[in-house]
Amino acid sequence: MNYDFTNRAKMITYVLMGIGLIAMITGFVGDSHRVWPNLLASNFFFLGIGLFGLIFLSKQYLTQAGYGVIYKRVPEAISQYVLVGGPIMLLILLAGNHHIYHWMAEGIMDPQSEHFDPILAAKEVYLNQPFFYIRAFIYVGGWMWAAYALRKLSLQQDLNGGIIFHNKSITVAAAFVVFFAVTVSTSSWDWIMSIDAHWFSTLFGWYNLAGLWVSGAAVTVLLVVYLKSQGYLKDVNENHLGDLGKWMFAISLIWAYLWFSQFMLIWYANIPEEVTYFQMRIEHYRYLYFGMVIVNFCAPFFFLASRDAKRNPMFIVAVAVLILLGHFTDAFIMVMGGTVGTHWSIGFVEIGTFLGFLGIFLFVVQRSLAKASLNIENHPFLEESIHLHH
Amino acid sequence: MSNVVSEIREPLILGDRTIHDITEDIARSVEGKANKWWWIVFAIAVSTATWGVCCILYTVGAGIGSWGVNKTVGWAWDITNFVWWIGIGHAGTLISAVLMLFRQRWRMAINRSAEAMTIFAVMMAGLFPILHMGRPWLAYFNLPFPNQLGSLWVNFNSPLIWDVFAISTYLTVSIVFWYLGLIPDFAMIRDRARVRGNAMYDKVYSLLSFGWSGRARDWSRFEEVSLVLAGLATPLVFSVHSIVSMDFAAAIVPGWHTTIFPPYFVLGALFSGFAMVITLTVTMRKVMSLENYITIRHVESMNYIIMLTGSLVGTAYITELFMAWYSGVEYEQYAFLNRATGPYWWAYMIMMTCNVVTPQLFWFKAIRTSFTASFIIAFFVNIGMWFERFVIIVTSLHRDYLPSSWTMFHPTFIDIGLFVGTIGIFFTLFLLFARVFPVIAQAETKSILKIVGSQYVEINARAPVKENMEEKEVEEKAEESSEDNAGEESAENDKEDE
Numbered sequence: 015m016n017y018d019f020t021n022r023a024k025m026i027t028y029v030l031m032g033i034g035l036i037a038m039i040t041g042f043v044g045d046s047h048r049v050w051p052n053l054l055a056s057n058f059f060f061l062g063i064g065l066f067g068l069i070f071l072s073k074q075y076l077t078q079a080g081y082g083v084i085y086k087r088v089p090e091a092i093s094q095y096v097l098v099g100g101p102i103m104l105l106i107l108l109a110g111n112h113h114i115y116h117w118m119a120e121g122i123m124d125p126q127s128e129h130f131d132p133i134l135a136a137k138e139v140y141l142n143q144p145f146f147y148i149r150a151f152i153y154v155g156g157w158m159w160a161a162y163a164l165r166k167l168s169l170q171q172d173l174n175g176g177i178i179f180h181n182k183s184i185t186v187a188a189a190f191v192v193f194f195a196v197t198v199s200t201s202s203w204d205w206i207m208s209i210d211a212h213w214f215s216t217l218f219g220w221y222n223l224a225g226l227w228v229s230g231a232a233v234t235v236l237l238v239v240y241l242k243s244q245g246y247l248k249d250v251n252e253n254h255l256g257d258l259g260k261w262m263f264a265i266s267l268i269w270a271y272l273w274f275s276q277f278m279l280i281w282y283a284n285i286p287e288e289v290t291y292f293q294m295r296i297e298h299y300r301y302l303y304f305g306m307v308i309v310n311f312c313a314p315f316f317f318l319a320s321r322d323a324k325r326n327p328m329f330i331v332a333v334a335v336l337i338l339l340g341h342f343t344d345a346f347i348m349v350m351g352g353t354v355g356t357h358w359s360i361g362f363v364e365i366g367t368f369l370g371f372l373g374i375f376l377f378v379v380q381r382s383l384a385k386a387s388l389n390i391e392n393h394p395f396l397e398e399s400i401h402l403h404h
Numbered sequence: 007m008s009n010v011v012s013e014i015r016e017p018l019i020l021g022d023r024t025i026h027d028i029t030e031d032i033a034r035s036v037e038g039k040a041n042k043w044w045w046i047v048f049a050i051a052v053s054t055a056t057w058g059v060c061c062i063l064y065t066v067g068a069g070i071g072s073w074g075v076n077k078t079v080g081w082a083w084d085i086t087n088f089v090w091w092i093g094i095g096h097a098g099t100l101i102s103a104v105l106m107l108f109r110q111r112w113r114m115a116i117n118r119s120a121e122a123m124t125i126f127a128v129m130m131a132g133l134f135p136i137l138h139m140g141r142p143w144l145a146y147f148n149l150p151f152p153n154q155l156g157s158l159w160v161n162f163n164s165p166l167i168w169d170v171f172a173i174s175t176y177l178t179v180s181i182v183f184w185y186l187g188l189i190p191d192f193a194m195i196r197d198r199a200r201v202r203g204n205a206m207y208d209k210v211y212s213l214l215s216f217g218w219s220g221r222a223r224d225w226s227r228f229e230e231v232s233l234v235l236a237g238l239a240t241p242l243v244f245s246v247h248s249i250v251s252m253d254f255a256a257a258i259v260p261g262w263h264t265t266i267f268p269p270y271f272v273l274g275a276l277f278s279g280f281a282m283v284i285t286l287t288v289t290m291r292k293v294m295s296l297e298n299y300i301t302i303r304h305v306e307s308m309n310y311i312i313m314l315t316g317s318l319v320g321t322a323y324i325t326e327l328f329m330a331w332y333s334g335v336e337y338e339q340y341a342f343l344n345r346a347t348g349p350y351w352w353a354y355m356i357m358m359t360c361n362v363v364t365p366q367l368f369w370f371k372a373i374r375t376s377f378t379a380s381f382i383i384a385f386f387v388n389i390g391m392w393f394e395r396f397v398i399i400v401t402s403l404h405r406d407y408l409p410s411s412w413t414m415f416h417p418t419f420i421d422i423g424l425f426v427g428t429i430g431i432f433f434t435l436f437l438l439f440a441r442v443f444p445v446i447a448q449a450e451t452k453s454i455l456k457i458v459g460s461q462y463v464e465i466n467a468r469a470p471v472k473e474n475m476e477e478k479e480v481e482e483k484a485e486e487s488s489e490d491n492a493g494e495e496s497a498e499n500d501k502e503d504e
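Each protein sequence line maps, in turn, to chains A and B. Going by the numbering used here, the letters in the first sequence line up with residues 15 to 404, in that order. Going by the numbering used here, the letters in the second sequence line up with residues 7 to 504, in that order.
No lab work stands behind these hints: they were computed from the structure. Just to be clear, a hint being listed does not mean it is correct.
[As the list claims (entries may be wrong)] DEER-style ranges, computed between Cβ atoms:
id: 1; chain 1: A; residue 1: Glu-128; chain 2: B; residue 2: Ile-258; range: 32 to 40 Å
id: 2; chain 1: B; residue 1: Tyr-407; chain 2: A; residue 2: Met-278; range: 36 to 44 Å
id: 3; chain 1: A; residue 1: Gln-244; chain 2: B; residue 2: Gly-220; range: 18 to 26 Å
id: 4; chain 1: A; residue 1: Asn-284; chain 2: B; residue 2: Pro-241; range: 20 to 28 Å
id: 5; chain 1: A; residue 1: Arg-381; chain 2: B; residue 2: Phe-370; range: 39 to 47 Å
id: 6; chain 1: A; residue 1: Lys-24; chain 2: B; residue 2: Leu-343; range: 56 to 64 Å
id: 7; chain 1: B; residue 1: Pro-417; chain 2: A; residue 2: Asn-284; range: 20 to 28 Å
id: 8; chain 1: A; residue 1: Asp-18; chain 2: B; residue 2: Ser-226; range: 40 to 48 Å
id: 9; chain 1: A; residue 1: Tyr-140; chain 2: B; residue 2: Ser-226; range: 56 to 64 Å
[To be verified] Derived BS3-like pairs: lysine-lysine, alpha-carbon spacing no greater than 30 Å straight-line:
id: 10; chain 1: A; residue 1: Lys-166; chain 2: B; residue 2: Lys-371
id: 11; chain 1: A; residue 1: Lys-73; chain 2: B; residue 2: Lys-371
id: 12; chain 1: A; residue 1: Lys-385; chain 2: A; residue 2: Lys-248
id: 13; chain 1: A; residue 1: Lys-182; chain 2: A; residue 2: Lys-248
id: 14; chain 1: A; residue 1: Lys-182; chain 2: B; residue 2: Lys-371
id: 15; chain 1: B; residue 1: Lys-371; chain 2: A; residue 2: Lys-248
Note that the Cβ used here is the ideal one computed from N, Cα and C, for glycine as well.
Generate coordinates for the entire structure from the input sequences, incorporating the hints supplied.
Structural data, given as structure tokens:
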């Protein structure tokens, strides 16, 4: 059974995209410095969710996990955002340039210039525009290939059957995981950490990995519950929701652990060049920043700890919405702190941009869901997944 | 847990064992007599342990001046050994707690020995900081107890005191978890002893099994408590080694202060821990004839974890190296330059080769499904992980901020004795464990027999794979033959051992 992407649903996504477009135009007319960071933060967030789709699929193939087969069209559909969000990311980076990245500004690396910054000049081998864009193209290209290949093999398996497509998927998944293990760190260094070009943290990449993982898990929960409520995915029961709830719970705690590791070690050592990152955010984004940490940790910790809560659609949906907002806020503060800095605000431009990307994301995901049957066939672990009970 | 099993899953219990066969196979090691090999290994372990105990006693008597540590390198082999042993313990907790929450069936055959390994390893680890105190009889000063000793109170700001709490909690939970799982198995030995009329065994194992009756109510309680303990132990997998890493990362010593340390130490710990589990289980499999229970699938699963954690640890090495340069902090840059090219370059090379390069060999199926190869690589990983801690500790300390104090570290006879001695004590304890306790969690293994036992997998397989069956069969045959090869290889390995 295919998902029916109704005209009404389409209209909603168009309206959202329209709001985004208006917000962008309003931004450019007004204060254009706000627009680029907003575009980056929103697309980084949704691209991360798209990448989660790939992580989830690869993880299932590589660990021979049987539980998630019946709803695997959902992470597949999510992963298709990489095909759209990836190129958008490249556009934002190319056009945003020195509006986002201070180190790209004129004369920063030039000893003769009055803007010369010796610390940044020492990083020129890595932080220079050609290499930066080459890297971005490689990351996005690799991810797009994986998104395309995994989806294609999965559909072929449904049509043709046989273990061969499953084994090919395992190969693609292994290649993606190796590629992603490196690029998830380097891409977040390049795109986010280099905004605060003086600052550095070895944990930054893994911290972002946990963030995108948990955001993606939350989106998966929302989509699975939504599809189930619309009469699709009939075999999904509370055991499957419980598994998804567990992922959201577990990765939220890992995210909190990584947040704490990064924050505590820097706060504790109190070395000026490191601590400035948090000091700025605590001074100027205080309530938003700590509010984000509290929501992202406490909501899953207190509401999802019990077994019954994880199997209750109402509970997991509520927590999923909360932590999605929380993790978007995290991305927002990461980007804004180093770009607009103290002049940040949350107004039409910010909310509108987010809604615009939400519109694109929902459009891509629903279109992908509508393209192939939601009933999986021929998967070697299908029966295990249908008969799942803990 | 569902009984439906995909047909591409392979059996985890071989040899068409029945429930009674499992009882017999596992009780044999406790009820029977030890064979020649056990006595030989035990004799080696005990003599090494004796050397260790002598060195411990000498250290306590003479003080830590008998070690190679000096004013610049204040931590060296002692803390290296401490972190190494703590790390080894981690795999046991992961297998017993995290893999339980993930419902991984392959944990059943190895969890008991992995948990025993955890407990003994943590004990060995705890020895080193206590000895390093110089006056170990005052070790209780580490506890924040109300006292009349003036202003004597622990410094809660110090990661070293967090360690005291983290490790004692860890040891406690690990022992409770381990013992809980042993209760039904002790009851099995008790019941058998009663039937055989062995009064001594009956009495001892009655006491140990806490009056376990095997009724549904007992099992229900047992499962509930297991789940709660798994939930409690899971955060401990992360917290213990994170806090150990903070012993370094909270300092401002170049090469130590870096934010990736907590997760990277945890991954490194799992990496070395699984290597030790492979060392122990592959040996045990042969010495105690457990071929039907510890299969190549178990080893392969562990190899996957070693490959994953090893690669992530490698990524962390590169990240550290890159950030040291990227940070622009010249002290950091020098610390890493000195690690790689300074007088301890050879230690750095051993670490890189053993930890980053050797696990990559597991990409080849022939290697990761060979007992011999896994055993050898696991050995390299353990060497590599010891050197990793040595590199972190000694190379960062021996050339710090003050060049006039730069010096080298040279271990003394006592240093070596302490390290080798703890390995001896560890193996002595483990060998005794293997004779007294059922080394495989028989109750849990029986629970998966009808799902993944070799005679049941085909019945349970109802997966609708329609086409390409021929190809699949060919593959299966190929795998079977590779398994046979693996069996031969390990037989050869035993010959080599002889």
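Hint by hint, here is what the structure shows:
no., hint, result
1, Glu-128/A / Ile-258/B: 32 to 40 Å, "holds (34 Å)"
2, Tyr-407/B / Met-278/A: 36 to 44 Å, "violated (24 Å)"
3, Gln-244/A / Gly-220/B: 18 to 26 Å, "violated (48 Å)"
4, Asn-284/A / Pro-241/B: 20 to 28 Å, "holds (27 Å)"
5, Arg-381/A / Phe-370/B: 39 to 47 Å, "holds (41 Å)"
6, Lys-24/A / Leu-343/B: 56 to 64 Å, "holds (58 Å)"
7, Pro-417/B / Asn-284/A: 20 to 28 Å, "violated (35 Å)"
8, Asp-18/A / Ser-226/B: 40 to 48 Å, "holds (46 Å)"
9, Tyr-140/A / Ser-226/B: 56 to 64 Å, "holds (59 Å)"
10, Lys-166/A / Lys-371/B, "holds (26 Å)"
11, Lys-73/A / Lys-371/B, "holds (19 Å)"
12, Lys-385/A / Lys-248/A, "holds (18 Å)"
13, Lys-182/A / Lys-248/A, "holds (28 Å)"
14, Lys-182/A / Lys-371/B, "holds (16 Å)"
15, Lys-371/B / Lys-248/A, "violated (38 Å)"
Going down the numbered hints, you'll see the structure goes against 2, 3, 7, 15, while the others check out.
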